[in-house]
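S.K.: Listed below are the residues making up each chain.
Protein chains: 6
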Amino acid sequence: MLLPPLPRIMFEPLVRTTLLEDLGQAGDLTTDAIVPPALRTVTALVARQKGVIAGLDVAALAFELIDPAITLEPAHADGSAVAAGDVIALVRGPARGVLTAERTALNFLCHLSGIATATASVVAAVRGHDTRIVCTRKTMPGLRALQKYAVRAGGGSNHRFGLDDAVLIKDNHIAIIGGIRPAIERARMAVGHLVKIEVEVDDLAQIDEVLAAGADAVLLDNMSPETMARGVAMIAGRALTEASGGITPATAPAIAAAGVDLISIGWLTHSVGVLDIGLDHRAG
Amino acid sequence: MLLPPLPRIMFEPLVRTTLLEDLGQAGDLTTDAIVPPALRTVTALVARQKGVIAGLDVAALAFELIDPAITLEPAHADGSAVAAGDVIALVRGPARGVLTAERTALNFLCHLSGIATATASVVAAVRGHDTRIVCTRKTMPGLRALQKYAVRAGGGSNHRFGLDDAVLIKDNHIAIIGGIRPAIERARMAVGHLVKIEVEVDDLAQIDEVLAAGADAVLLDNMSPETMARGVAMIAGRALTEASGGITPATAPAIAAAGVDLISIGWLTHSVGVLDIGLDHRAG
Amino acid sequence: MLLPPLPRIMFEPLVRTTLLEDLGQAGDLTTDAIVPPALRTVTALVARQKGVIAGLDVAALAFELIDPAITLEPAHADGSAVAAGDVIALVRGPARGVLTAERTALNFLCHLSGIATATASVVAAVRGHDTRIVCTRKTMPGLRALQKYAVRAGGGSNHRFGLDDAVLIKDNHIAIIGGIRPAIERARMAVGHLVKIEVEVDDLAQIDEVLAAGADAVLLDNMSPETMARGVAMIAGRALTEASGGITPATAPAIAAAGVDLISIGWLTHSVGVLDIGLDHRAG
Amino acid sequence: MLLPPLPRIMFEPLVRTTLLEDLGQAGDLTTDAIVPPALRTVTALVARQKGVIAGLDVAALAFELIDPAITLEPAHADGSAVAAGDVIALVRGPARGVLTAERTALNFLCHLSGIATATASVVAAVRGHDTRIVCTRKTMPGLRALQKYAVRAGGGSNHRFGLDDAVLIKDNHIAIIGGIRPAIERARMAVGHLVKIEVEVDDLAQIDEVLAAGADAVLLDNMSPETMARGVAMIAGRALTEASGGITPATAPAIAAAGVDLISIGWLTHSVGVLDIGLDHRAG
Amino acid sequence: MLLPPLPRIMFEPLVRTTLLEDLGQAGDLTTDAIVPPALRTVTALVARQKGVIAGLDVAALAFELIDPAITLEPAHADGSAVAAGDVIALVRGPARGVLTAERTALNFLCHLSGIATATASVVAAVRGHDTRIVCTRKTMPGLRALQKYAVRAGGGSNHRFGLDDAVLIKDNHIAIIGGIRPAIERARMAVGHLVKIEVEVDDLAQIDEVLAAGADAVLLDNMSPETMARGVAMIAGRALTEASGGITPATAPAIAAAGVDLISIGWLTHSVGVLDIGLDHRAG
Amino acid sequence: MLLPPLPRIMFEPLVRTTLLEDLGQAGDLTTDAIVPPALRTVTALVARQKGVIAGLDVAALAFELIDPAITLEPAHADGSAVAAGDVIALVRGPARGVLTAERTALNFLCHLSGIATATASVVAAVRGHDTRIVCTRKTMPGLRALQKYAVRAGGGSNHRFGLDDAVLIKDNHIAIIGGIRPAIERARMAVGHLVKIEVEVDDLAQIDEVLAAGADAVLLDNMSPETMARGVAMIAGRALTEASGGITPATAPAIAAAGVDLISIGWLTHSVGVLDIGLDHRAG
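Chains as they are written, first to last, in our numbering: chain A, 1 to 284; chain B, 1001 to 1284; chain C, 2001 to 2284; chain D, 3001 to 3284; chain E, 4001 to 4284; chain F, 5001 to 5284.
It should be emphasised that the hints constitute simulated quantities derived from the structure, not laboratory data.
Quick reminder that beta carbons are idealized off the backbone N, C-alpha and C, glycines included.
Take the hints with a grain of salt, since some may be wrong.
Said to hold, decoys possible - Under the rule of at most 30 Å between Cα atoms (straight-line distance), these lysine-lysine pairs were calculated in the BS3-like manner:
hint, chain 1, residue 1, chain 2, residue 2
1, F, 5138, F, 5050
2, C, 2050, D, 3170
3, C, 2170, D, 3050
4, A, 138, A, 170
5, F, 5050, E, 4170
6, C, 2138, D, 3138
7, F, 5138, E, 4050
8, C, 2138, D, 3050
9, A, 138, B, 1050
10, F, 5138, E, 4138
11, A, 50, B, 1138
12, C, 2050, D, 3138
13, A, 138, B, 1138
As the list claims (entries may be wrong) - What the simulated footprint calls covered on chain E by chain A, stretch by stretch (three residues with Cβ under 8 Å from a Cβ of chain A suffice, anywhere in the stretch; the number is not a length):
hint, stretch
14, 4006 to 4017
15, 4144 to 4154
16, 4159 to 4168
Input sequences plus hints: build the corresponding full structure.
M.R.: Spelled out as structure tokens, the structure:
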């Protein structure tokens, strides 16, 4: 699977902010008081559940920003499936720094791996269908680039990264301008030639107008698999088809079987649980 | 319930960052293309499920930073319980700005309300016991102050805000220094006079040493309610008692009945789902 | 013409940085020494040449950040053509603040208006053809959003805003992967469904492979109008066609006549001169 | 020629901002999709025109911030003249990073070299005269320190860096306070002992008062070479003399021959074109 | 003595800001003009007075951020006492960078060492008593973490780091809520279980109510040693006792003899003089 | 006295940072717990000692950033002398915000007023002499612009604001380049025409060379008043004369009587005590 790493410059400011959020003005009172400065340690990031890993570079940076003498050596790469008990990486270095950075590193790693794991479960559920699983703009504040990366780590794909990289016309836009056609036409005129236009429809009756106006993609929102299948048939390849609306691993196969090109899922980034990963001290 | 608002200065940088994350360099392509500049709108933030609200000031700031002409008038305050269908607030102003800020405002509001709602459910589960529900440092990167606030909105209380405001001695610290007593003694010597010391114990046999060394609180980690009850009896009010370890609304009552002063729950801030809130356009 | 304003949040950090760059630690030595604090002034932003205006909101913010008592009242909106001698806006308020902010406000306004003016001149040159003028990623560091806005103010359109909003496959990419088809296929698989793919060709012989692989747009780089016309004929509407390579108002008509959909011009944002605008003191 | 490098700390924030401006939340879609991660490359920064180089450290930092494994080895130093076709530097390292950083690195290097080249052309035009070429505060927002450095690279000198490092009394200041003498006196009293005072005159009749009040320099604004020569004679070495007003390489020699100490030129920093430099892939 | 270093991430932003404050847009005019680029130097940080050192890591970072080729090799560690004439550290590297960073490095080092020295003098004055010397929130803007660290380097301890890490109830709070007991009760209910509560009393008559309400510490403000001794006797170990109010090395012994646990001193961080340290050039 | 206010944009970032330093992630625990939200208060900033005020705008901003409903109404302006007991300003608004911002506002106001007061005492000591009191670059990290402003508020003047606004050649520079004359000549060639050059001399024998090379000012370092008087006589008005070296209000008159133009004093900004100012609650 193709999973290019994010350049560190894209997440370093967030990792700095997050470490400072935890350190406050006084730093790590407990570790500073108890752990001798010369003590070195070898610790292991261990999966407590099965899942898919994402965020090792971010975790590594958290350790390194606290103490550049700490190294993180991955045993698995981002995007890999791990079993409960698997060692994901070894973290070596001064014990103080490892303990001080531990929670921040894990908060990133567990959350991003949680997203990758959830994504992988939906991707697995639609295996055999030619349907991509994509995430939305319903992301945690400040975490969008990392969360979208985690979705890719889980085998998913990304919908829009922001308001700025594609047009998605929703019911409000249509209501305001008084019709699908004028909305699409205004969008086509206003945006650059590399910007695609997708239109949300709640009713199959809207599809003809959407296609006539030249949309690149149609978002079929909150429909039954049967209705979606009819929509896909109506569209007949003239535009991409996307299904949305509370889709889960359980309901995804039927939706995929309806023939949609994409299933978009907000909860992958706004309501997913962590993958439980711990830092076990091995030696030091 | 006492819920002092956070000063805006504490979350304004995050709201700015989050809006810019969504706007990119090109801004809201769809809205800019379609919505006439003079159009004003009245919209309602509506709860799609029952829950507890948190984050209205943050949502209001998101709208205001996009266009100061937008106002958010709350119908319920943070910390209030709402039913499905309840209007939480009215948002009025230029339609362009409302649509552009909508997703960012909702991403904050739905997530924080999700935390408040989950907290409230555990708080309700232990009603009648003298047990506080507290959150941990397992928070989303960059969101700690807001997430901790949301826990308070749900009726919970806050454990440490960071590494800097109390001592929490865990198994690694004890292992490194070779004993509970030296760990506590070093901490007591090192930290300020207003800093309390809590010690995590995995085994009731450790309690005597913890108390002898003068800990302010004992964290009983991953024990059955029965074991916790025995621990509480051993401690006999000489220190605060905290229970932790995957506690849910279902298991919380038995734990609370064991007599612990506090139940700490990581998932309130790291794995909770959003409260579903939508922005309905009423007029404009 | 449709020219939605940029939300202030998108350029406020840059305006702050630029003002501080000019103020240093000592502030405006000259004005502080000479101008009495109570003095108010009325000044006019006056075009010294004909051109198209862009950046009035940015200039207004520069004045306002120095002193919120200063107001800028536009006589023309961004995107308007002005003649030499036209008053563009009146700036009223405390004289000290007006003088202190003057240079920063003008640096933004003259540069952005220079871009709008240059863009308008090329747009005028291709009038009658169905060809859009677009800018590139060859922008001034830190100024991309504003420069792209200025191009829109001049009647142009925007190509990619960054590496992140569309795929543009150039000769290096093709050379590295060893062919046009594999490059396009890898891109199609990797990117989201709303991301378009454009391919740069130096030789008409490449067009068949580009079209076969399903590119959305073809960039005809550095060709004569005649060659471009042949390229357009070969493509025959199966993809958008873009011309690039040092195109000027003088050469643009012939290129447009070749039938390309787009002409992209780097110098609009990297090598354009200012529109000369001055601040004339009217009263005070 | 003396050209001390700028400490990296002075331009690193701008380079980071500029890279993030180009990367957005999604990063380099094209390169990430097409270029294999293990591929290394050797590329050459090649001058496409003759000119003077400035900005190699800045370009190097852009590459390094994307991937610290990339090295830039200069073949010429900043301030050197190059011919069309000259290799300016070799850039080696992982191909992905080189391609991702390429545009940002070039945007800095081409712009700054454009300034150095333009400056050098005016400096050459006044060779043989004892006249310095200086730039002004008419700079691009956020780029002042780098642009002023580029002027030095081209053999020019710098006028004020901001409002804070010298006094420059213009017509408005004089009008407001009602006379040249009170303006200079107030300035002399208010500012530090190491701050010089320059006064702009539009009319030679003002010179006596300026000199009587003790100005350190006189700015002769928008005058013919003949008038300037008379002004220089009147001043007779009692103050420095500066000429300004749309001076070009063509008009500079006559102005210099008038005997002024300085010629200040705004367009060097606000309206200059890039030096065309490309990144050619050599191997990899 | 236990003096864990601050993680560099905690003070790097401030050191960057401070260097840029000194460099402005033009950098070090003097050094750049005079010092040849290839020249290397060996310099010594030398104490001009006896005192206690604090801030070597901060000074080292100042040099390193200007030029990573500069190294600082400490001869004494933070917290060490030095005599007049002692070499504190050697600084080696390119002479330009050493001279450019010198003032910033010294401004940090002299100020922090001044705090450490003053603290040590008060700590010495109370030697033999079981009384800690603590600093307050009366710190220099932006410098709190470093100043508090310097107090620890001088052998002192830290009171609250901010409004957020403990409750300190002062006269205003009591006046507003109408009594000591309700103030303490409200605080106890509102804050986390690891937050201690201290109450300021101006009159020994308040002590009974403070103790009855369960305060953890009592601040005896502005009392004579005799009155404080009576207060300590009344409290009788039921709460910690802190003395405050303009206490100096001269008055501290009597206060300590009164039996208070803590003496808090604002001037350690708001009004202390620098320790005079110079940078002597040894070779180069 | 002329004391132009600093534009708020120059100190707002520091005030924000300082407030957040005090608020941490949890905010003002004490006030939030105890003070009812609806309570309003009227408080007075009262001088507890005589002195000169500086920093009212900064204090006002601290209150306003916590709650825009708080107003600060000055009874005296910056630069005014006040007596012990004088009300400096009234602060009105919500009691919570006033108490939360109090310490930050006072930390700025007391420190800056301390500088103004100390400056005024030295200025008073040299009254009758034509000697200015100036501060140096020995400032607190991050506070330079405000501290220099406070010196002006006390009637002093400012030496260099940074390395960037004048040349000051010290012994190291001379030693490195091997002579005073080459140092001055290199500086004169390198810097802009509005940059003055000052040279530090430790020995009157150096003066002739300094003057011959054309320095604008001579810094007489650490000399007796008699030696300085001889130096002033040797210089005979051909350059400005500055005295430095641990000068106090007690020693300043003799130094001033020696005829120097300037006395520079580092301790005004690095070692001065606060002016004691309190916030008294009047009503609420």
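S.K.: Decide, hint by hint, whether the structure agrees.
M.R.: Results for each hint:
1. Restraint check for residue 5138/F and residue 5050/F: satisfied, since their Cα atoms lie roughly 26 Å apart, inside the 30 Å limit.
2. Between residue 2050/C and residue 3170/D the alpha-carbon distance is near 25 Å, which keeps this suggested pair within the 30 Å criterion.
3. Restraint check for residue 2170/C and residue 3050/D: the C-alpha separation of about 25 Å stays at or below 30 Å, so the hint holds.
4. Distance restraint check for residue 138/A and residue 170/A: the Cα-Cα separation of roughly 15 Å lies within the 30 Å cut-off, and the hinted pair is therefore satisfied.
5. A threshold of 30 Å between alpha carbons decides the hint, and for residue 5050/F with residue 4170/E the separation of about 26 Å falls inside it, so the pair holds.
6. Taking the CA atoms of residue 2138/C and residue 3138/D, the gap is near 21 Å; set against the 30 Å cutoff, the hint holds.
7. Restraint check: the Cα-Cα separation between residue 5138/F and residue 4050/E comes to about 20 Å, which is no more than 30 Å; the hinted pair holds.
8. A distance of roughly 20 Å separates the Cα atoms of residue 2138/C and residue 3050/D; the hinted pair therefore holds under the 30 Å criterion.
9. Annotation: proposed proximity of residue 138/A to residue 1050/B holds, straight-line Cα distance about 20 Å (limit 30 Å).
10. Taken as a hint, the residue 5138/F and residue 4138/E pair is honoured in the structure, with Cα atoms around 21 Å apart against an allowance of 30 Å.
11. Only pairs whose Cα atoms come within 30 Å are accepted, and residue 50/A paired with residue 1138/B is accepted, the gap being roughly 20 Å.
12. Simply put, residue 2050/C and residue 3138/D have alpha-carbon atoms about 20 Å apart, close enough for the 30 Å limit, and the pair holds.
13. Simply put, residue 138/A and residue 1138/B have alpha-carbon atoms about 21 Å apart, close enough for the 30 Å limit, and the pair holds.
14. Remark: the stretch 4006 to 4017 of chain E is confirmed as covered by chain A, as 4 of its residues place a Cβ nearer than 8 Å to a Cβ of that chain, reaching the required three.
15. For the stretch 4144 to 4154 of chain E, the proposed coverage by chain A is satisfied: 3 residues have a C-beta within less than 8 Å of a C-beta in that chain, meeting the threshold of three.
16. Check on the stretch 4159 to 4168 of chain E: 4 of its residues sit with their Cβ under 8 Å from a Cβ of chain A, so the three-residue criterion for coverage holds.
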